[in-house]
Every structure is written in C-alpha cells, then in structure tokens.
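Make a model of the complete structure from these sequences and hints.
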Amino acid sequence: MNPATVQELIWAGVLVALAAFWPMMSNGYWLGIGVDVMMYTTLATSWMLFSGPTHYISLASAAFFGVGGFVVGSGMSDYDASFWSMLALSAVIGGVLAALIGLATLRLSGVYFVIFTLGLAEMIRNLVSWVQNNFLGSRGLYVLTDFTDAHLYWMLLVTAGCVYLLGWIISRSRLGFALRIIGGDETVARHVGINTAMAKVILFTTTGIFGAIVGAIIAPRWSYIEPNQVFSPQLSFFIVIMALLGGSGRLWGPVVGVIPFLLIWNWVDSNFPNQSILVLGVAFLLIVYCLPHGFVGRIEQLRAYKRGRS
Amino acid sequence: MLDILVSGLLLSGTYALVAMGLNLQYGVARIMNLANGEVLVLGALAAFWLYTTAQISPILTVFLVIPVAFIGNWLIYRFLLRPLVRRSKSQGALEVDSILATFGMSFIFIGIMVSIEGGFFLYKYLSEPISILGSTTSLNRLVAFLLAALIAAALYIWLHYSRPGVAVRAVSVSTEASGLVGINVPRVSALAFALGGTITAVGGALISTFITLDASIGVVFTLKALIIVIMGGVGEIRGAIVAAIILGLVETGVATLVDPGLTLAAAYFIFVIILLFRPQGLFGRRAV
Amino acid sequence: MYRRSLFGLAAALAVAGTSLFAQDMIKIGAIAPKTGPLAGGAVVTQWPNVRLWVEEVNARGGLDVGGEMKMLELIEYDDKTNPGEHIKLAQRLATQDKVDFVVAPYGTGFNIATAPIYGKYGYPMIAVSAITDKMEELTTRYPNLFFTLGTTTAFVDGLKEIMIEQRDAGEIGNEIAMVNVADAFGIELADRARELFGEAGFDIVYDKSYPLGTPDLSPVMKGAKDSGAKAFVAWSYPPDSFGLAEQAIIEDLDVNLYYSAVATSFPAFKGAYGNKINNVLGAGGTDVDNPAIAAYRKAHMDITGEVADYWASANTYASLQILEQAIVGAATLDREVVTQYIKDNSFETVMGELSFTNNFSNTFWSVGQWQDGVFRGVKGSNVIGAVPVRAKSGWSE
Numbered sequence: 003m004n005p006a007t008v009q010e011l012i013w014a015g016v017l018v019a020l021a022a023f024w025p026m027m028s029n030g031y032w033l034g035i036g037v038d039v040m041m042y043t044t045l046a047t048s049w050m051l052f053s054g055p056t057h058y059i060s061l062a063s064a065a066f067f068g069v070g071g072f073v074v075g076s077g078m079s080d081y082d083a084s085f086w087s088m089l090a091l092s093a094v095i096g097g098v099l100a101a102l103i104g105l106a107t108l109r110l111s112g113v114y115f116v117i118f119t120l121g122l123a124e125m126i127r128n129l130v131s132w133v134q135n136n137f138l139g140s141r142g143l144y145v146l147t148d149f150t151d152a153h154l155y156w157m158l159l160v161t162a163g164c165v166y167l168l169g170w171i172i173s174r175s176r177l178g179f180a181l182r183i184i185g186g187d188e189t190v191a192r193h194v195g196i197n198t199a200m201a202k203v204i205l206f207t208t209t210g211i212f213g214a215i216v217g218a219i220i221a222p223r224w225s226y227i228e229p230n231q232v233f234s235p236q237l238s239f240f241i242v243i244m245a246l247l248g249g250s251g252r253l254w255g256p257v258v259g260v261i262p263f264l265l266i267w268n269w270v271d272s273n274f275p276n277q278s279i280l281v282l283g284v285a286f287l288l289i290v291y292c293l294p295h296g297f298v299g300r301i302e303q304l305r306a307y308k309r310g311r312s
Numbered sequence: 516m517l518d519i520l521v522s523g524l525l526l527s528g529t530y531a532l533v534a535m536g537l538n539l540q541y542g543v544a545r546i547m548n549l550a551n552g553e554v555l556v557l558g559a560l561a562a563f564w565l566y567t568t569a570q571i572s573p574i575l576t577v578f579l580v581i582p583v584a585f586i587g588n589w590l591i592y593r594f595l596l597r598p599l600v601r602r603s604k605s606q607g608a609l610e611v612d613s614i615l616a617t618f619g620m621s622f623i624f625i626g627i628m629v630s631i632e633g634g635f636f637l638y639k640y641l642s643e644p645i646s647i648l649g650s651t652t653s654l655n656r657l658v659a660f661l662l663a664a665l666i667a668a669a670l671y672i673w674l675h676y677s678r679p680g681v682a683v684r685a686v687s688v689s690t691e692a693s694g695l696v697g698i699n700v701p702r703v704s705a706l707a708f709a710l711g712g713t714i715t716a717v718g719g720a721l722i723s724t725f726i727t728l729d730a731s732i733g734v735v736f737t738l739k740a741l742i743i744v745i746m747g748g749v750g751e752i753r754g755a756i757v758a759a760i761i762l763g764l765v766e767t768g769v770a771t772l773v774d775p776g777l778t779l780a781a782a783y784f785i786f787v788i789i790l791l792f793r794p795q796g797l798f799g800r801r802a803v
Numbered sequence: 007m008y009r010r011s012l013f014g015l016a017a018a019l020a021v022a023g024t025s026l027f028a029q030d031m032i033k034i035g036a037i038a039p040k041t042g043p044l045a046g047g048a049v050v051t052q053w054p055n056v057r058l059w060v061e062e063v064n065a066r067g068g069l070d071v072g073g074e075m076k077m078l079e080l081i082e083y084d085d086k087t088n089p090g091e092h093i094k095l096a097q098r099l100a101t102q103d104k105v106d107f108v109v110a111p112y113g114t115g116f117n118i119a120t121a122p123i124y125g126k127y128g129y130p131m132i133a134v135s136a137i138t139d140k141m142e143e144l145t146t147r148y149p150n151l152f153f154t155l156g157t158t159t160a161f162v163d164g165l166k167e168i169m170i171e172q173r174d175a176g177e178i179g180n181e182i183a184m185v186n187v188a189d190a191f192g193i194e195l196a197d198r199a200r201e202l203f204g205e206a207g208f209d210i211v212y213d214k215s216y217p218l219g220t221p222d223l224s225p226v227m228k229g230a231k232d233s234g235a236k237a238f239v240a241w242s243y244p245p246d247s248f249g250l251a252e253q254a255i256i257e258d259l260d261v262n263l264y265y266s267a268v269a270t271s272f273p274a275f276k277g278a279y280g281n282k283i284n285n286v287l288g289a290g291g292t293d294v295d296n297p298a299i300a301a302y303r304k305a306h307m308d309i310t311g312e313v314a315d316y317w318a319s320a321n322t323y324a325s326l327q328i329l330e331q332a333i334v335g336a337a338t339l340d341r342e343v344v345t346q347y348i349k350d351n352s353f354e355t356v357m358g359e360l361s362f363t364n365n366f367s368n369t370f371w372s373v374g375q376w377q378d379g380v381f382r383g384v385k386g387s388n389v390i391g392a393v394p395v396r397a398k399s400g401w402s403e
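Residue numbers (the working numbering), protein chains in the order written: chain A, 3 to 312; chain B, 516 to 803; chain C, 7 to 403.
Bear in mind the hints are in silico, worked out from the structure with no lab data behind them. Values in this document were obtained by computation on a predicted structure and should not be read as measured data. Be aware that one or more of the hints could be misleading.
Reference excerpt, derived from the structure (chain A facing chain B, CB under 8 Å, subset only) [said to hold, decoys possible]:
#, residue
1, H57
2, L110
3, Y114
4, F118
5, L129
6, N135
7, F239
8, I243
9, L280
10, L282
11, G283
12, V284
13, F286
14, V290
15, Y291
16, P294
For glycine and all other residues, C-beta sits at the position ideal for the given N, C-alpha and C.
Given below as structure tokens:
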C-alpha cells in the first residue's frame, strides 16, 4: 500500500462534505441505503487499515460489532444508561478486546490467522450469550431511542471520515512505512529492527475500536438486540468480501467495493424477490471472474491504460 | 464418565465427517471452500427427500450420493475453480479468489435448496436407543460414527499406500515440487476436490438422520469444518481426526460436567489454546 | 374533425381504462425469512397464510372498498433473517413500492425493528409472532403496533397453571428440570419462568441453557434425567425442539410432564415421531373441532398444499382477516382511518371474536398438547375448546 497523497485527502474531504447533504436529498429508502453504505464503509475501511498492509485477513469484525451493539443494548435496557456513555464504553471495550486478540495472534500467519480470528469471534459470541443467560437476567435488549436514520447517517459519516483520516495519517507515518515493509516481507521487517508485533497490535486495536463504535451506532436502528444476530459471523464475511471486491492496496478501495456491492444487492432484491439469494450468488461469481483484482484493480488498469495512451 | 466418552466419541464421528472433506479440498486443491457446508446440506436434502417420498433408507442414499457428488464436485472444480487457479499468481491470491467464488457458490446452493424444500428436513431414521457399555445412545449416531471411522481409515490407507493417494499427499506438501516430479497437479487437485466434496455430501446424508437440518444451516457446518481443519493442521488427515475427537470429547465433557451453555465457548477455547502453542495446528507443517 | 373526436374519445377511454386498472389493486407488502435461521419456521407459519389469504380474497373478487371491488397485489421479499436487510426492505415497501398495507413481520425482533419505519408511514402492524413483556411501552411509542399472541408472562403462566394442576393431582412433584436455548427468546422465557415457577413453590433442580444449533443434546437430556424431576420444560426453538424430543425418546425420559416450546405444534413433529410424542406439551394450541378452524385448515391444505401448524398459523390468518375487515369496514385505504378502525372495533375471525384493548388482543392459546395425533389447545386466554391435560406416560409407539 503506497502512502496516500495529499490530493487523496482533499478528495476525501470534499466527498465527505458532499455526502453530508445526502439526508437532505433522499427519502427514507435511499437514506437507509446511505446508512448501510456508511456502516460498511467504516467497517471495511477499518478492516483494511490492518489487513491491507499486513495481508492478514481477519474475520473478527463481528466480535467488535457485536460488542458495540451488546454494550449499548445491555446498558440502555438493563441499566438505564445513556446512549452516549455506552457508545464510549463500547469503543473502549472494543479496543481492549482487539488489543488482546492482536497480542494472541502474533505467532500466527496465513489461513491459521484467518480461522483463528473466526474461532475467537465465535467464542465471544457464545460467552456473551451464556453470560446474558446466567447473570444479566435480561428480558431482551430493547434500544428505543429517538434517533432517526439521518442522525445515524451523520454519526456514521463522521466515523467513516475519522477512519479514513486515521488511515491517511498512518500511511504517511513511520508506522505506515513499517507496515509496508511487513506486508512485503515480514522476516525482512523484523531483521531491520521493526517492532512488527507492536505495529500489528496497534492497528488491530483501531479495527476493534471502530468496529465497536459502528455496532453501537447501529443498535438504535435495530431496536432489539439479540446476541446471535449482532455477533453473526456472516457480517465478518461480508466485510472481507466487500473490501476484497474493492481491492487491496488503496485506502479508498473499500469504498469502491462497498457501494457497488450494496447497489448490486439492492438491484437483485428488487428484481428477483423470490430468488434473491440465488441471483446474488451468480452476481458474485461474475464479479470474481471479471474483476480479478477487485474494482481497484480495474480502475488502476484504466488509469494505466489512459496514461499509456497519452 | 462413560457417558462422556461414548457420546463424545460419537460426536467426534459427526465432526470428522464434516471436516475430512474440507481438509482434502483445502489441503490439496488449495481451495478454501466456503460452500462446504452447503454441499453437506445437499447430501442431507437428498437423504431427506428420498426417505420422505420414496422411503429409501439413508444408508442406500449414501450410495446414490457418492457418484453424483463426485461428478458434481469434479465439474465444479474443472469449470468454476480451475480458471481461478490458473490465473492466480500466488497462494494468497488463490485463497482470496476461492473465498469469494465459493461464497457465491454457497448462495447459489442455498437458493436451489430453498426452492426444493424451504422448511426443516425433519425425519428420523434408526432413532432407536442402543446401549454401549452401559451408556445409552441412538443407533443413527453409532452408524454415522462407524461409517466415519470406515471412511477415515480407507482414506488414510489410500493416501499412504496407493499411487494416486501418494500423489495427492505430494501435492498437499508442495504443488511446484509435485509438478517437477511429473505429477499431473491439475488432475490430482480435481480428484482431491471431488473426493472431498463426496465425503462431505455422504457425511451430510448420514448426519441428517439425527440432526434436523434446513437449507440455510450450511454456514454453521462450514465454520465447524474450518475450525477442525485448522486445529488439526491443514492437509493432514490424522490432524482432522484428532481435532474432531478432541472437540467431540471437550464439548460433551463440558456439557455434562460444567454447563451445556459453554460447550461452543469451550471448544473454541481449546482451539485457540492449541493454535497459541502450535501455530501450525496439531499435525501441520510450519509454513515454508 | 371526426378523426380528432374519435382520437379524443379513444384517448379518454384509454386514460379512464388505465386509471380504473390502477385503482383496482390494493398493494400488500410482506417481508419474512425465506432463507436464514428463521426460514424454517416462517415457511410453516407465515408464508402459507399470506398466500392463502391473498388467493381467497382475490377468488372472491377482491375487497369492497367503499363500493369498489379491489383485488390484492402481493409484494413479497426475503429478509434472509437479517435485521439490517429487513429494515432496508421495509423502507423499500414504504417509499419505493408504496404499498397500501403490510403484513407484520415474523419474529419479535423484526417487528420491533420495523415498528418505527412502518409507524412513520402510518402502516398498521398486526403482529403475531411477537412475544414480549414490554407491550405497554412499545405500543405507547408505536401506536400502529398491535399484539395478538400474548405476553411473555402469559406464555409462561399457561404452563405454570398446568404444572400446578398436575402437582395437585399428584402426577409431578415440586422438582422441575428446565432448559432453554441461548437465544433472546429462550433467555427471556427462562428468566421469567424462574420467577413465576419459584413463586408457585417449584424447585428447578436442573437449570441449563444450550447454544443455538447444538448438534448433540444428549448431555442435556441425561442431566435432566439424572435430576430425577418428573417435569421437563424446554424453552426451545425448532431444531432443538426436535433434537430434545429425540433424546427424550432415546433416554426414555421418565417424566409425567414434558414441554418444549416452538415447533412442537408443527405437523412435522408428529410426522417424525409418530405416537411416541403422545401427550407432549408445547407452545400454542388450537381447537380443531371448531368449525371455523376446521374450515380454515381444510382451505389451507387445499390451496397451499401444506398442513397448517397448530399454533400461530390460525393467529396469522386471523390477523389478515382483521386487516381485511378493517379495510372493508373503514371503506377506505387511508391507513390512519383503518388503524383507528382496528382499535375501535371487534372482528369475526377463525380465532373467534377478536378486539384490541390498548393495542393488545387478549385471545390466544398458550399451551397445547399432542393427544392421539392431534395437537389440541389445553390452556389459553379467552379461548374456548380447551381440553383437559393428560399426563405423559412413557415414550413407546
């Protein structure tokens, strides 16, 4: 992953400012899609912050998202806490959890890391269910607030902007430089004296913090929090897939993966309501075959083509 | 105590059936098959449908499933997955591509199955109590266990004592080196993928006799298979068997002695601990 | 001139024709799982009833809305048992498809998630598969939300009453073995049950939960058996209700009262276990001898080819009947008027006469029992046709 340019940052800032007007322009349905776009963009970008430079595919996103949702749900439903305090708490817990997971996974690589994160996320899911069953005695977690989709959209937009900014800063810092070397060849990085362990843990912690924040923000939208829904592994897979569809190597890759993915999903849902899953699978296969390096790959190809022609 | 041993071992049989297929597909053909669970459910659907409409015993269905699953999986590898293998320049790229492609495949399978049967595959076969060493269990689980043991043994013998089997093992160690010594890697990979899919489908048919499945539950089995394969070490059939046994015993032990609510948490905990101390899995090789 | 007037006439007819055609249909939106963990239940209880209702109404020529006969047009989506997906589709129904009315979702969580959205656009939601103790708070916040299947407390109360009766009759003692699935539904019910059973003097000697999707329930059943309790209660979901029954048969569980929650009332439950599950109690119930119910069940079989379940199927159909009668009675498609009509009137349905007080309908079955191949209602609220409870005796054919 190359260091992001100032030009990119300016573009990003412009896009964020423009995106802020979306709730004014769209009605309920497209605003809802916008909320989804913001949610997945944040999750996929914060995932990419870690997995892009290190090439480690993490399937732990659901654990962080679930923590955010559960903390808000439990806090507001059982302890009458405020949304904002629970949001802050979930970010902290998400970060700590991620740091612990990061430390635990230091010796793993490749597919072992991937499935390890998956196993961890599943373990957390079952632990939380068990704790809720035996100790919290809660009667279903109701998160009933007055937040509208517009509020959630702006909250997520701000979060997405922060993730991108963080990624931009890191990519231009020494940490980012270290990460690029790690991604190139980890043994070399270690021999050059880079504290690979620390770098990986720090990055993974940011994934956890942002994942939890997104989960906390979405909780009011779902209104009823069930551990098995909010810790669903399907979410981890979708985030990875959207990020990979976008293509790795660029910080804006996830955005370019999320939007078409959600649009295609939406198109299939509307036109094939009775066979949406089947058609989505076919669409998926088509994308994989036609876009070997994701959308980023295609876009870079087009750029190179244009440059070649000029 | 005996209850834990017996039930735990029988559960291991179930888990072994779930994981052996993926072990072949990932360990040899290098395909991270996220549609593995759906293939299992397809086998189950066949058993359910044939039993409820034509009263055909699931044991017989197993024999019908074998050729269909083999050919089907072979075709999938040949036409859907081989292009990905050919164009990927690294193992990592192939993994990414196979994750995406098999994810799409899993959706297609779910869609097909739901249109055949949208509800639960609810039937019971051989649901008779049987006493093993004083511990009560059901006949269908015992049959599944015995067949799992049979398949595992046959697979082990084939892998270690037959020429194609040795070729398969060679490919699982290194595709380049195997190619260099004259092994037809694409053909061996297709064989491994097809064989893996067949074992999984057979496992599904057997499992459906005592677990009520439905079209959407495949992902749960994929997750379980992934955990077992990684825990045992990729590409090692012994690893998958040992991992299945450990998980079966741990889950049953925890359910009986501690709390049934902690079974999955305990299973994943063991998985996490094993990987922390042996990052390549129980029988895995250190990454080259 | 002649041509112009002919053209004008044709144009006028065309316009009148299309507008007549457009006015003919009432758009009904329905979102429920067709894939995902809850699909197995929705496919039995929800979807067939939606299809049955729409077909029957259209066979009659549609609904009479203020003198005009209008047919129903069904727009259905698969929410894949995903809350985010369901919310998006609900917004689609409201703002893109602009449906006139919606069928309430399947599952407590989905009803609560969509209540704000449907409320914003004024859609009345006559919820069936939504069981909660927070009805007051929810209906104050979402005045468009109606509940028909009872509260969590009522759900547990029905069973508690039976247990007290059985204890008085000497069939069971004070000890109960209770298990629940570790899902919001099971956790809520178990939690409430501990309170209510405790108050009634029962002692829960085996109290465990198990994760959703546990493949081997034999440790749970063995534990329950070892506890020696004569009563077994499971707050379970479809896959585990089936699994627990199988284990009970294998272990020959010696109880005089056996209860499992959801899906015990599925026809397939009897199909798989035959007479072994005679006298098993489960959530729900219905009075198959009631002529309205019998006619409904026959129509269900004839039109959808599936057997209705013995619990929420009838309620789901009744909720659609309420919607139908409210539209006809209010003689308009104006959702505010129709919602008010639902609040103010009573309705003649397959469940008898239903009406709402504070958005809550107090007529529902809570517990049923398999008796000689039929799952009959034994306990409920404001229902008639309850039959006496029988004690369980053995698991043989």
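Checklist entry - Does the structure break any of the earlier hints, and which numbers would those be? => result Hint check: nothing fails, all pass.
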